[in-house]
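Peer 1: Whole structure, please, built from the sequences with the hints as guidance.
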Amino acid sequence: MFVTWSGVGFLSVFFLVGGMAAGSFGLRPWLAEGMPFQEAVYLANAFGLMLGALVNVGAWKLLTRGGDDDHSFLGIGMRGWSMIGLLGAGAMAVYAMSLSA
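So the sequence shown is numbered by the working numbering: it starts at 135 and just counts up by one.
In short, the hints are calculated from the structure, not lab data.
Among these hints, one or two may not hold up.
What the hints assert, rightly or not - Pair ranges (Cβ atoms, derived):
{"#": "1", "residue 1": "ALA225", "residue 2": "PRO170", "range": "17 to 27 Å"}
{"#": "2", "residue 1": "ARG199", "residue 2": "TRP164", "range": "33 to 43 Å"}
{"#": "3", "residue 1": "GLU167", "residue 2": "THR198", "range": "38 to 48 Å"}
{"#": "4", "residue 1": "PHE159", "residue 2": "LEU233", "range": "12 to 22 Å"}
Unchecked claim - With a straight-line Cα cutoff of 20 Å, these simulated SDA-like cross-link-like pairs (lysine to any residue) come out:
{"#": "5", "residue 1": "LYS195", "residue 2": "ARG162"}
{"#": "6", "residue 1": "LYS195", "residue 2": "MET217"}
{"#": "7", "residue 1": "LYS195", "residue 2": "GLY152"}
{"#": "8", "residue 1": "LYS195", "residue 2": "ILE210"}
{"#": "9", "residue 1": "LYS195", "residue 2": "GLY214"}
{"#": "10", "residue 1": "LYS195", "residue 2": "VAL228"}
{"#": "11", "residue 1": "LYS195", "residue 2": "GLU167"}
{"#": "12", "residue 1": "LYS195", "residue 2": "LEU220"}
{"#": "13", "residue 1": "LYS195", "residue 2": "GLY160"}
{"#": "14", "residue 1": "LYS195", "residue 2": "GLY211"}
{"#": "15", "residue 1": "LYS195", "residue 2": "PHE144"}
{"#": "16", "residue 1": "LYS195", "residue 2": "MET231"}
Cβ coordinates follow ideal geometry from the N, Cα and C atoms, glycine included.
Peer 2: Dropping the structure here:
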């Protein structure tokens with residue numbers, strides 16, 4: 135089966151999107167004071183996505199405490215979603231910094 139669905143792996147996406155929303159609403163006004171708006175938005179989203187990925191890693195650690203590592207969504211495990219989130223956050227942060235150059 136190409137697409138697997140088991141347990142609570144779908145929470146990974148909610149953690150990542152929730153982190154981006156929290157970063158956007160929480161950090162954007164603070165960052166927009168010292169930098170252009172578009173750069174502040176990308177940087178706030180990058181920090182939020184990093185936060186969501188770290189929360190996702192914590193949830194993965196709690197769920198796999200018993201040795202069950204089958205929590206996946208769209209065939210990607212919670213650890214994989216965390217790595218995707220961290221790579222995306224790094225790319226957004228680099229892009230935000232390149233806007234000021």
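Peer 1: Could you work out which earlier hints the structure fails to respect and list their numbers in ascending sequence?
Peer 2: Checked against the structure, the hints that fail are numbers 5, 10, 11, 13 and 16, while the rest are satisfied.
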